[in-house]
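Next come the chains, spelled out residue by residue.
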Amino acid sequence: MKLRANLDRRMTKIEHRLIKMTSLVEQSITRCMMSLKDNDDRLAISVVEDDRMIDQLEMNIEKNCVNVISLQQPIASDLREITAILKIITDLERIGDYSVNIAKIQISLDKGMGEETRYLEAMGDTTRVMLQKALASFIEKDIELAREAAKMDQQVDDMYEEYYHYQLERLMRDESSTEDLVPLLFTGRYLERVGDHIVNICERIIYMVEGINEYY
Amino acid sequence: MKTFEIKDLNLWYGDFHALKDIDMDIRNNKVSAFIGPSGCGKSTFLRVLNRMNDLIDGTKITGQVLFNGQEIYAPESDVVTLRTKVGMVFQKPNPFPMSVYDNVAYGLRVQGIKNKAVLNDTVEDSLKKAALWEEVKDRLSDNALQLSGGQQQRLCIARAIALSPEVILMDEPTSALDPIATGKIEELMESLKKDYTIAIVTLSMQQAARISDYTAFFLLGDLIEMGPTREVFHKPNDKRTEDYITGRFG
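From first to last, the protein sequence lines are chains S and D. According to the numbering used here, the stretch in the first sequence is residues 1 to 216, in order. According to the numbering used here, the stretch in the second sequence is residues 1 to 250, in order.
Hints may be right or wrong, so weigh each one.
[Unchecked claim] No farther apart than 30 Å at their CA atoms in a straight line, the calculated lysine-lysine pairs in the BS3-like style are these:
hint: 1; chain 1: S; residue 1: K13; chain 2: D; residue 2: K239
hint: 2; chain 1: D; residue 1: K235; chain 2: S; residue 2: K141
hint: 3; chain 1: S; residue 1: K141; chain 2: D; residue 2: K239
hint: 4; chain 1: D; residue 1: K194; chain 2: D; residue 2: K114
hint: 5; chain 1: D; residue 1: K235; chain 2: S; residue 2: K87
hint: 6; chain 1: D; residue 1: K239; chain 2: S; residue 2: K133
hint: 7; chain 1: S; residue 1: K20; chain 2: D; residue 2: K235
hint: 8; chain 1: D; residue 1: K235; chain 2: S; residue 2: K63
hint: 9; chain 1: D; residue 1: K235; chain 2: S; residue 2: K133
hint: 10; chain 1: D; residue 1: K235; chain 2: S; residue 2: K13
hint: 11; chain 1: D; residue 1: K2; chain 2: D; residue 2: K193
Hints are computed from structural coordinates only; laboratory data are not their basis. Bear in mind that the values here come from a model prediction, so they are computed numbers and not experimental data.
Construct all of the structure, not just a fragment, from the sequences and the given hints.
Structure, rendered in structure tokens:
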């Protein structure tokens with residue numbers, strides 16, 4: 001008889017759902033950025049609508065984690081994984097919300113994105129790569145990959161800083177464009193926050209694998 | 001402060017090598033839990049600490065077992081004195097077939113104490129420390145065998161306490177008790193560690209996690225690791241510990 005078959009089955013189910021949730025969130029970032037780039041309101045609307053799936057997965061994973069804690073009493077690596085997942089899903093859900101915010105900005109814009117494309121696209125691409133690496137590090141239990149992803153947040157912060165000054169100058173130069181420039185400035189801010197949440201996820205994965213707290 | 005220092009301890013039952021090269025410190029006023037699968041040596045090790053294995057024929061012990069710095073296996077060491085200092089509570093409550101009062105007073109009388117006032121005070125104090133006084137103060141002359149299993153076990157703890165031990169050894173003290181009685185014994189351990197050093201063998205990892213300050217994991221006669229319970233149950237150092245506590249053995 002195999003011990004802990006029940007626990008293993010439940011853990012695998014939770015892991016699969018987390019992977020699915022991460023993929024949905026990654027798609028959400030990709031699609032909201034694409035909607036901005038292509039001035040595509042329909043795509044933006046689908047990002048807003050599909051966020052429900054991410055929210056539902058969060059609740060479902062949380063429920064499953066609580067069930068494992070109450071029914072299986074996990075300890076050591078199992079408990080670290082469950083607590084890490086409970087924290088990770090909160091960050092993922094929040095990233096989903098930022099994608100929705102960005103999609104809503106696209107919907108609200110009079111014209112599509114202008115010259116800021118190069119900044120925002122680069123930030124979007126970097127956060128997406130960070131999330132992909134974070135997901136791979138979770139699947140492979142590879143903390144080096146998690147560290148790599150976390151360190152990339154500096155690039156996002158630098159890009160945001162640059163973008164912020166760029167946008168501020170434009171605002172000061174041309175007050176007439178405030179209506180679009182401010183939401184687009186927010187978009188940069190949201191992407192910067194997405195990077196921070198991915199750092200949280202990476203820290204949780206390091207904790208899950210090694211039982212240590214590292215902060216980036 | 002270390003109550004026990006065990007160095008390079010080996011124990012054989014005849015040809016069977018039951019404990020291998022054990023090095024361990026047991027800290028005073030802490031609860032140390034010994035965990036491991038059946039037959040791993042944890043109960044044998046507990047019995048080493050008050051020389052209960054002396055009673056088993058063919059037992060051979062090498063190495064050092066220092067209790068407050070004194071070698072308990074030295075020829076001049078007095079095993080009776082040792083066992084008053086290092087009391088023991090067993091898996092199955094084993095009160096003597098006599099009154100509640102006489103059970104607790106038994107050890108003192110064996111020591112020659114006859115003064116009624118001293119006996120009364122010690123019995124009351126011991127029963128209070130064992131969290132049993134309120135339940136039995138009006139039935140001190142009742143036969144101890146009429147008490148419930150949980151009460152009997154606390155009576156055995158009171159009996160050990162009456163001799164003013166420094167250490168209380170407990171060998172699976174709650175495995176025959178229901179969850180409520182188990183909870184009372186666990187609460188009791190928490191309060192007892194102010195005055196005593198406690199070492200407990202338990203098959204319940206949740207119990208070890210709940211009540212102990214230090215946890216030692218034994219496997220096939222080896223001490224695999226011992227550390228603060230928080231660390232052992234959070235991130236054990238040895239993969240075998242991790243495999244055991246997460247149920248990956250089997």
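Given the hint that K13(S) pairs with K239(D), does the C-alpha gap stay at or below 30 Å?
The given pair, whose Cα atoms are some 24 Å apart, holds under the 30 Å limit.
Do the alpha carbons of K235(D) and K87(S) lie within 30 Å of each other, as the hint requires?
Between K235(D) and K87(S) the Cα gap is close to 19 Å, so the pair holds against 30 Å.
K194(D) paired with K114(D) [C-alpha distance capped at 30 Å]:
holds (29 Å)
Pairwise hint evaluation, K133(S) against K235(D), where the allowed Cα distance is 30 Å at most
holds (25 Å)
Can the restraint linking K141(S) and K239(D) be considered satisfied, given a maximum Cα separation of 30 Å?
holds (16 Å)
For the pair supplied as a hint, K2(D) and K193(D), confirm whether the alpha-carbon distance does not exceed 30 Å.
Status holds; Cα separation ~14 Å.
What's the verdict on K235(D) and K13(S), does the C-alpha distance respect the 30 Å limit or exceed it?
Holds - the C-alpha atoms of K13(S) and K235(D) are around 23 Å apart, at most 30 Å.
Taken at face value, is the distance from the CA of K133(S) to the CA of K239(D) at most 30 Å?
With Cα atoms ~27 Å apart, K239(D) and K133(S) stay inside 30 Å; holds.
Straight-line Cα separation of K20(S) and K235(D) no greater than 30 Å?
holds (28 Å)
Within 30 Å, alpha carbon to alpha carbon, are K235(D) and K63(S)?
Judged against 30 Å, a Cα distance of about 25 Å means the pair holds.
Does the structure keep K235(D) and K141(S) at a Cα separation of 30 Å or less?
holds (15 Å)
Taken one by one, the earlier hints all hold for this structure without exception.
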